[in-house]
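Residue numbers (the numbering used here), protein chains in the order written: chain P, 1 to 286; chain A, 1 to 445.
Source of the hints: derived by calculation from the structure; they are not laboratory data.
Glycine included, each C-beta is placed from N, C-alpha and C at the ideal position.
A couple of the hints might just be wrong.
Unchecked claim - List time: in silico DSBU-like cross-link candidates among lysine-lysine, alpha-carbon distance up to 35 Å: (1) P/K250 - A/K284; (2) A/K163 - A/K227; (3) P/K48 - A/K324.
To be verified - A few chain P positions that, by computed beta-carbon distances, are all more than 12 Å from chain A: (4) F20; (5) V55; (6) K142; (7) F160.
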Amino acid sequence: MKYRRLYFLISALVILPGLFSLFKFGLKPSVDFTGGTLLEIKGENLSKEIIQKSVEETKVVLNSQQKSSGNIVILRFSELRENEKEEFIKKTKENSGKDLEIIRYETLGPSLGKELLIKTGVGMLLAILAILLFINSQFKDKTFGTCAILAMLHDTLVMFGSLSLLGHFFGAEIDSLFVTAVLTILSFSVHDTVVVYDRIRELKKTNSKLEIEEAADTAVSQTMRRSISNSLTIIFMLLALVFLGGETTKWFAVALLIGTISGTYSSTFVAVPLLVVWKKLRKKNL
Amino acid sequence: MRNTRFLFWFIALITIVAVIIDLPTSYPLKIHWKKINFETTVSRPFSFLQKYKVVKGLDLAGGVHLMFKAKMDEIPKENQENAFVSLKENIDRRVNLFGLSEAVVQTSEKGEEKRLVVELPGVADIAGAIELVGKTAELDFREEVELPPEATATATIYDVFSKETGLSGRHLLKAAVEFDSSSGKPAVSLEFNEEGKKLFGEITEKNVGKRVAIFLDDVPLSAPEVKEKISEGKAIISGNFTLKEAKGMVSQLNAGALPAPLTLIEQRQIGPALGSESVAKSLKAGAVGLAAVLLFMVVLYRGLGVLADFGLIIYALLTLALYKIIPVTVTLPGLTGFLLSVGMAVDSNILIFERLKEELKDGRPYNAALELAFGRAWDSIRDANICTLITCFLLFNPFGWSFLNSSGTVRGFAVTLALGIFVSLFTGVVVTRTLLRTFTKKVKN
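Sequences are here, hints too, so could you generate the full structure?
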C-alpha cells in the first residue's frame, strides 16, 4: 500500500477524461430513451437488402425492420422527417422496381420512460444504503462499508465516462442494456471488494496488533490470485462475445468488459488504499 | 458420509432432469453413411416434460404487433397527459409484470391522437393477447332488486341486478388464480382493502339468501347466492373459466382498470428483427468463451479444476432448464447475460480452491484442509453474494412499493441475476463440495 498515491493517480487518469467527456459531450441515448419514427410499408420485393440499400442512399438511421405477412414491412427509425421519408420511399420504389403503399407513419415515444430510470435510481440508492449498513454490521466498523461504496462509485464513473467517450468517437449508445450492465458491474464490484475486506478482517482477528497497512498488504497479496483468476474467467467470456458475438450486443459486452476490469482494479487498488488512508487519518486525529 | 452419498445422487438426478428439459422437444435425426440410410425424429422423453420450451424474444422469433387508440375525450384536458402515462404503465404491468416476458410497450402519436404500440413475443393466440391488453377491466358488484311481477318475464339480467353497491375494482388489494376445491376448475380469488372489506361485509350482511352479481366491463361474470356475512374481505369468482382466461383476468384486475378505453386499430404478426446468424454468432462466441473458462480452471487447479468444470456445466444445464420452466423469455442480450453468469459462476469455486491451497501449504492433512477451506471460504462467499442479493431485492420490488419499479426490464434483470446467484451458489458450493468429497477421498487415501 505504499504505492497508494500511484493507484489514486491511475484512477484519476482514467476517470478525468471520462468526466470531461460527460460534461462536454454527454451520453448518446438510444431509441429506447428518445423514441423514434415508425414506418409501415406494403409492397412486393421489399427484401432486407433492398431496404438496406435505400437506407444507405438516404442516409437515415434504421433501428429495426420486421417482416409481416402480406408483403408488409415495419421499419423503426431514430428520426424520420417528412422530407427524409419521401426520399426513402422514392429510393425504395426505385430499388425494388415496384410500387409501394404507406400504411403507417407515426412518431413513437420511448419504450423506457423517465419513470423507469428514476425508480431504478431510487432502487440503487436504497441498495447502496442497505449494503452500507450490512457491511458495517458484519465488519463492526463504519469505514469498511463507506470505502466499499466509494469504490463502487469509482466504477460507476469509469463506466459512464467511457461510454461517453465511446459514444462520442464510435457512436455507442446508452440503451436499456447499458442500464443492466451498470447494475451488474456495481454488484460485481461490491462482491469483489467484500472478499478482500473479508481477508483483512480475518487477519486482524488472528493478530489484533497488526497495523492496518500491513494487514492490507498481506490481504491483497493473498487474495490477488483469486481476484485475477475470477476476473479472467469473466473476461474470457466477454472477449469472446465482443469479438465473435452478434453486432447488437457488442457495446453491451464492451461496457461489461470495461466495468469488470474497473471492478477488479477498484477492489484492490481503490477500496483498500482508501481504507488504509482513512484509518490512518482517524488514528492521527485521535 | 451418508449425507454426501445422498447429495451426490440427488445432484445426478436433477442434472438428468435438467438435461432432458434442455433437449429440444423434437430433433430430426438423419444418418446417411455408406449403406446406412436412417431418418427419424427423436423426441424428448417423458411427455409431461414436453411442454417446457424456450420462449424466444421479439428479436429472435418475432411475435405479435398491436396498435391501440386511446379514447381520451372523457378526460379533462389537464389530466390527459397523466392519464396517458398511467395508461401506458397499466398496460406495461399487464403484459410485463415480472419483466420476464420482454414485451415492448410504446406510446405513439399521430397528430392529436394518442396511441399505444404493444409488441408481445412469440404469442400464438393473438385474440387472447388483444383481450388481455385492450379490455378496460372495470369490476363492480351489484345487488338484486325486487322487480314488480309484470316485469319479471321480460327482465334482463341488467334489470335484475340494477342496484349498484359502490364496491368496485378500486377496492381490490389483490387478485389471484385459485382452483375451486370441489370442481378443480380455475377461479379468481379477490382480496379487498380496508374500505372494501367493510363495504363487502355490509353488502353480504344485507343480502343473505339473495344473490349478488359480479360484473366485469358491464358483462356479468357470476351471480352467487350469499350464504352468510363475509367480513374477511375475500371472495371467489368461479365460472367456466379456462386457466388462460383466469390468468388474464387476474393480470387485468391487479393492474387496475384502464383510465381510458382502448380500441384496436391494427394487428400484425411480425417476424424476428434479427436473423438466425446473430444467434448463431453469439452461441459460437459463448462456446468459445466457455471452452476458455473450462480450460483455464484445469490449467490452474488440475484435477480440482476438472471437478469445478463439471459443476460449471451443471450450472449451465440447470439455469437453462429453469429458464424453460419459469419461463424466462430469452432475447439476444438475455443470452449474453446468461453467458456472462457462466463466467461468474466459477467464483465460489476459485475462492474455495485458493483457500484449500493455503491450508495445504500450512501443512494440514488433506481432508481437514478441505473442510476448513469450505468453512472459511463460505463466509466471504456468503457476505459477497448477500450484497448482490440486496440489490436484486430492491430492483425486483416483491412487495410492490410504489417508489420502486413495478414492471419492466430492470425487474426481469433482477430476477435472472438472483436466479443465477442461487444456482451458482448451489453448483459452486454444494455440487463442488459433494464431488470433491466423493472423489478425492478415494484418491488421497
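To see whether the hints hold, each was checked on the structure:
Restraint check: the Cα-Cα separation between P/K250 and A/K284 comes to about 14 Å, which is no more than 35 Å; the hinted pair holds. Proximity of A/K163 to A/K227 is assessed by CA-CA distance (about 19 Å); at most 35 Å being required, the pair is judged to hold. A C-alpha spacing of about 31 Å is found between P/K48 and A/K324, which places the hinted pair at or below 35 Å, so the restraint holds. Every C-beta of chain A lies more than 12 Å from that of P/F20, the closest at about 29 Å, which supports listing it as non-interface.
The non-interface label for P/V55 is consistent with chain A: the shortest C-beta to C-beta separation is roughly 15 Å, beyond 12 Å. Every CB of chain A lies more than 12 Å from the CB of P/K142, the least distance being 16 Å, so the non-interface label holds. Its beta-carbon lying about 17 Å from the closest one in chain A, P/F160 satisfies the requirement of being farther than 12 Å from that chain.
When each numbered hint is compared with the structure, no violation occurs for any of them.
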